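S.K.: Sequence:
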Amino acid sequence: PVTAPPEGDGGPALVIILLGPVVLVGLAGAFLAYCHFGRPRLRGWLESAQVGRAYDLESRHRRIWTGRALTIGGPKDDIDVGLGRRLARMIPRRGGGCFLQAVSEEGVVVDGHPLRRGQRRRLTHRSEIKLGEVTLVYRLYVGGPRIGV
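Under our numbering, the letters of the sequence shown match residues 732 to 880, in that order.
Honestly, the hints are just simulated from the structure, not real lab data. Just so it is clear, the structure is predicted and the values come from calculations on it, not from any experiment. Mixed in with the good hints there might be a few duds.
Said to hold, decoys possible - Ranges of calculated distance between the beta carbons of each label pair, as one might list FRET restraints:
(1) F762 x G827: 29 to 37 Å
(2) G813 x Y765: 30 to 38 Å
(3) R817 x P743: 46 to 54 Å
(4) G849 x P743: 17 to 25 Å
Even for Gly, the Cβ is constructed at its ideal location relative to N, Cα and C.
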């Protein structure tokens with residue numbers, strides 16, 4: 732009589748079962764470290780002359796552990812400027828720069844340039860942002876631009 736060959740000892744499956752969670756924990760730790768240390772942060776603040784209010788971007792961005800873009804618009808957004816809906820996002824870039832991206836079809840103007848949905852415009856110190864009827868000014872440095880920057 733001929734006997735059937737052995738099916739195997741289950742070694743590869745056992746390795747996956749034992750090492751799988753270790754690899755997942757390592758990847759999760761690397762992602763959290765990237766979110767905390769590697770992602771660019773927003774700097775400066777937005778100033779509203781109409782209501783005399785300033786929105787500190789760095790402290791608001793630090794509260795979001797994933798470092799995603801800040802949303803601007805209504806009460807459900809990161810920065811509530813009294814509008815009924817979300818109009819824009821502030822996206823940080825390495826080196827301290829940032830972009831404003833329109834998420835609405837109309838009503839977003841940066842330095843006199845209207846933005847359509849999805850368009851971005853780089854913000855510089857004293858950039859003027861109009862969101863509907865609200866006007867904001869982006870300030871990067873306390874007391875004006877630093878000399879030599």
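S.K.: All hints are to be evaluated individually against the structure, with a verdict given for each.
M.R.: Here is how each hint holds up against the structure:
1. For F762 paired with G827, a C-beta distance near 23 Å fails the hint of 29 to 37 Å.
2. In this structure the hint that G813 and Y765 lie 30 to 38 Å apart at CB holds, the actual value being about 35 Å.
3. At roughly 49 Å, the beta-carbon separation of R817 and P743 lies within the given 46 to 54 Å, and the hint holds.
4. Between G849 and P743 the Cβ separation comes to about 46 Å, which falls outside the hinted range of 17 to 25 Å.
Going through the hint list in order, the structure does not satisfy hints 1, 4.
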